[in-house]
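Novice: Put the complex together from the two separate chains, hints included.
Residue numbers (the working numbering), protein chains in the order written: chain A, 1 to 493; chain B, 1 to 204.
Hint data in this document are derived by calculation from the structure and do not stem from the laboratory. Only a predicted model underlies this, so the values are computations on that prediction, with no experimental measurement involved. Hints are supplied without guarantee of correctness; some may be wrong.
Only some residues are given here: those of chain B computed to face chain A with a beta carbon under 8 angstroms [what the hints assert, rightly or not]:
#1 Q71
#2 T78
#3 S80
#4 Y81
#5 R83
With a Cα cut of at most 25 angstroms, we get these calculated SDA-like pairs of lysine to any residue [stated by the list, open to error]:
#6 A/K35 <-> B/S19
#7 A/K280 <-> B/T188
#8 A/K323 <-> B/F74
#9 A/K408 <-> A/S434
We treat Cβ as the ideally placed atom computed from N, Cα and C, and that holds for glycine.
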Amino acid sequence: MAEENTLNNEEYDAVVLGTGLVESIVASDIAAAEKKVLHIDRNPFYGGDYASFSLIGFIEWATRLRDRSQVPVVDIAIGDVEMQLGARKSGEVSANNLLPETAQGSCQVGEILAMLSEYLSSEQLEQLSNSDVLKRLAGESRRYALELAPKLTFCRGPLIDVLIAAGMAEYMEFKGVDANLLVTDAGVERVPDSKEEVFASTALKLIEKRKLMRLLTTISDPEQVSKLTSEHGNEDFGDLLRKQFKLDGSLLNAVLYAVARATRPISVSEGCARVEKYLKSIGRYGRMAFLSSMYGSGAEVAQAFCRSCAVAGGTYILSESIKQIEKTESGYVVELSHGRVTTKSLIMHPSYLSDATESETEVPIARRFTVLDFPALGEDTTSMLSFVEGSHVVSMLYLTSATMVVPKGKSLMYAWTEGRYSQSKELLDRAIDSAVGDKAHRMLSVGFECRALAPRGGYTCTPGMADESVDLDSAVQAAQQILDAFFGSGSNE
Amino acid sequence: MDTLPEIAATFKILLIGDSNVGKSSILLRFTDDHFLPPDEASATIGVDFKVKMLDLDDTRYKLTLWDTAGQERFRTLTSSYYRGAQGVILVYDVCSRESFDHLDEWFEELSTYCTKDEVVKMVIGNKIDKEAERAVSRKEGAEYARKHQTLFLECSAKTKIGVQQAMEELVSKIAESPTIRRSPGRNTVTVDESVSSGYGGCGC
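Only chain B is shown next, with the shape it has when bound in the complex (with noise of 0.2 angstroms):
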């Protein structure tokens, strides 16, 4: 490819599930690549947003990926985390039942921001690396999405299996849905420091 392709559209995707289960990690993995060891990484701090390209069949997507920033820790998510989303990927530890079984609330608390129309949803289960202390099947998570009628991947962020895929998989979703919202700043003022430096508006 000589030139570089336009930017097809901007996805918001946001990561969301219990603290501990490696969203920031498949975050980091996805957007550069790197994995921290587990004394390192503990509890997220100082990760907002990361942004990723993404060509998929020679058309590039913008990618905004956000972090909980920690408000997980006690289900305190701001509603405007959820605003103009396209994608939530909801993260579980294959070794932890609890975890997974918190999916049910994140989905709940999804619900009362986005309707199935305005994102598309996956389920992740991370951590397939530690197979040793996997508490919850393959199988179990994918009938667990399928009864919610969403996307499902395993991954290991450590590893990096599955997490670019899950990446594609989503992207691609969302870029066949006709009811999602493409730019979320339709009209809106950006806002930035501005040079234009004041009185009455006019351009001379």
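Same shape as in the complex, but just chain A (with noise of 0.2 angstroms):
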């Protein structure tokens, strides 16, 4: 059956390279309109910008298969060893017979000493080979998964609408986001996020509940909102609340971040909408505005958008190299490892360009994770937290095995926020310290930058990184922004 595993001179609608969110819900939408479809990978693996793996499978990750021009550095610390994973590999000795036998007890911790080995001194590599903390990671690598941008899925908005339209729920399954978290200094408060939260609350003073209530009850109602938008729509939301609702302190936050999720000031028509989706979230599927799905959020519905895709009848490969792509006049022309295609439309995440740069225009996202030996926050809970500090806002999520992406009794810390690694790393550390505190408890940190990629002339780009926001909404809107050139046009772009 040789013919059945090349491609030669296959004519597609269109050839979508990469598996990330929004390159997948692109092509399962094109498959689903009855269009020839080839998506592409170069990875071994799905998910792009968005991918999850096992513990084994991120530290490949990490050490072999990430972009270096994406995700420059990786700082992984197991236990106390800490190392650093730097753009260039430091090539010295062979790592495998460096290996103390100590390690091959154990395949899995040999396989992450041995990619590992190049990046540490032979003290390390000895004091890592004897680490119980390692030993315990590697012995339930299949039972983690770790992700590179984890986010959750609203209860009502156009992720969860195309899922249900395009019958995808059967593929996947989600569990409640239990809470809604603000981290301070004095440890972790719940946001009171509806009336039902603040009319029950203990914590709230009462005058604060009237605040709250005063917010709450104007932005349910559009006629109210519509007044305040014509009339503050472009001032700072922010100052409104400040100023026309008097909130400030944990109370301000709470609105403000934790809700509006404003982690760069927005006019108080983005924050009233804002407000307005997460309280028409409440109550779809529970008393939680988002969800979470199982085993992991973007890659596991990036593949729910694939196999849609296929189902449509889709082409896949994965760990395929593109060897050249050629503009023709009525498309183009692709030189895949399994044989050259031709296609109408080409889309592609921006780093399958041979010389991909750094975005000029999109700020970076520093990101951090901490894998901990015991229930932090509760088992079988998943929350969302932020941390405010200043002006700078810290994102957060909280899993356990509610949601099978850690062993029963462990837990898993999310935090990431805009900026440089270097300069925001202290700032995740306290985030995350604030939130659990005890360093003693966490097996596996592990901390790097995500630049954006450009896009650039000529081709049409999914957006160069995972944003930071909270959810995928964003993920939906950029690929109908695409869907959107791509059926206008026709298919002759």
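Specialist: So, in structure tokens, the structure goes:
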């Protein structure tokens, strides 16, 4: 069946490069319109910027597979052994010869040590090969789903609508997010995010309850919202909350950051729209505004779209190298390792451009996550958190075995913020410390920076990275723009 | 039986194996008792999964049977395909030595996603109606399955032989197994078009 596995001179309506969420939605939608789609990823895994990995898979990504122009450096600490995986490998002695005999007992431990050894001193290597923490992590590698860009799904929003419309609910399982928390110096506190919460809260003073009720009532009323936006639409939402609704302190932080997620200043119109969306999401599937998908977020959703594309006839190849892209009068000729194909349209993640560079307009995202050996904020729960320090806002997610992303009894805390990793590392650490305290329980800590890659003229490109938003709706909007252009201009672009 | 038995459990069952071994045909034969002639069948397009009730010993099971959607062609099945499966059927074509040899690779892929505590595996040799073209003997198939400690059967999706029996054996083995996670959706949210129209989550 040799001919089955080559693509020689096949013709497609669209070739899509990259299997991140945006590309996958695009591919699925084009295939659903009965167009012939070829969907390619150069990596051996699905998900692109949204990928999720087993523990060993993550180490493999960090040491071997990551795109170094997008993620230049990865910090990893296993127990107390810290290492930095830089842009360039040190290229010293061959790793395997150095592996201490103690590592040979478990092939998973050996596999991890082999990948990391060139970044470690011989003392560290010895220490790590005897590390009980590493043995425990490696032994349950498959039970971890560690994500590059963890996110949630709004109960009411574009993504959930698309999932329902495409009949993809069968592909995925969701759990409600149990709490929206504000991280303060005193620990974590629950955000009073609905009228019921405000009413039932014992932490809020009566006057605070009145202020919040007034805000929630205003934003739940379309007439009052349109009055507010016509009068103050372009003003700063934070100012409006301070002046008109007299919010301050943690109450202001709760509304502005935990609910409206104003990680940078937003207008009154934008702020009202975000709070309104949040409030409308509550009650659809329970008392929470967000859902968390099982086994991870973006990569799982992306794979659901890929399957739906395949069901509609789309062809999938992973680990495929793109040798050459040539523009012709009627489209493109793409030279792949499985053969040469022609296509009317070509849609790609900018990292597929051979000379991709960092975007000058988009701010990078500094990310940090840690695996804890106990359920720090409760077993079987999922929470979203916000940590505010001056003008800096850190978004956080707390996950447990409830969504099957860590083994039973462990937990996972993600934290991210806009900015360079080198400048934000300590801020992220303070956020995690404030939320979970005690450093002794950290089995694995990871930090890295994601840079957006810039598109290049003449090509249809998807966003150059997964953005900093806490939900997946922006990916759907980005996909929609590309689809509008695709279907709007016919397929002759 | 006067009343319909209640559904005792729902099982997700996957079919994997090389292209053209007849995975979709087995699926269609079992669920719809239908067989597409070769010129109509060709490569799988449009088959996602099928639902079928199976009654065994007065117990009713709901089976969702998942096809590969053609993603096996370049070995690009999504990891999410394997999630939450209780049964996996590895199919080869008894007339294709290559498809039989490739079972090793399918077992390897399977082992990266599922442990033996989580799924019951079954090896099926399909197309036994084409006896003259047989390239893998029944004995060889059975030995291979024994080596991998899985169930084994030969069948023909075309003539029906063995298909129903295969499903029954697989399901009863799943039902017997104490370590298999029964209902995949413990406390999960069913995402559907909800009637509740928003604001504040009160049912009033």
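Novice: A/K408 and A/S434 were given as a pair; does the straight-line alpha-carbon distance stay at or below 25 angstroms?
Specialist: Between A/K408 and A/S434 the Cα gap is close to 23 angstroms, so the pair holds against 25 angstroms.
Novice: Taking the least C-beta to C-beta distance, is B/S80 closer than 8 angstroms to chain A?
Specialist: holds (4 angstroms)
Novice: Would the hint linking A/K280 and B/T188 be met if the CA-CA limit is 25 angstroms?
Specialist: This hinted pair holds, its Cα atoms lying about 20 angstroms apart.
Novice: Below or equal to 25 angstroms on CA atoms is what counts here, so check A/K323 against B/F74.
Specialist: The given pair, whose Cα atoms are some 18 angstroms apart, holds under the 25 angstroms limit.
Novice: Restraint: B/Q71 near chain A, CB-CB cut 8 angstroms. Satisfied or not?
Specialist: holds (5 angstroms)
Novice: Against chain A, is B/Y81 within 8 angstroms by beta-carbon distance?
Specialist: Holds, because the Cβ-Cβ distance from B/Y81 to chain A comes to roughly 7 angstroms (cut-off 8 angstroms).
Novice: Identify whether the interface hint at B/T78 stands, where standing means a beta carbon of chain A within less than 8 angstroms of its own.
Specialist: holds (4 angstroms)
Novice: Less than 8 angstroms between beta-carbons is the criterion; does B/R83 satisfy it with respect to chain A?
Specialist: Where the cut-off is 8 angstroms and the nearest Cβ of chain A is about 6 angstroms from B/R83, the hint holds.
Novice: Keeping to a limit of 25 angstroms between CA atoms, is the pair of A/K35 and B/S19 held or broken?
Specialist: holds (22 angstroms)
Violated hints are absent here; each numbered hint is respected by the structure.
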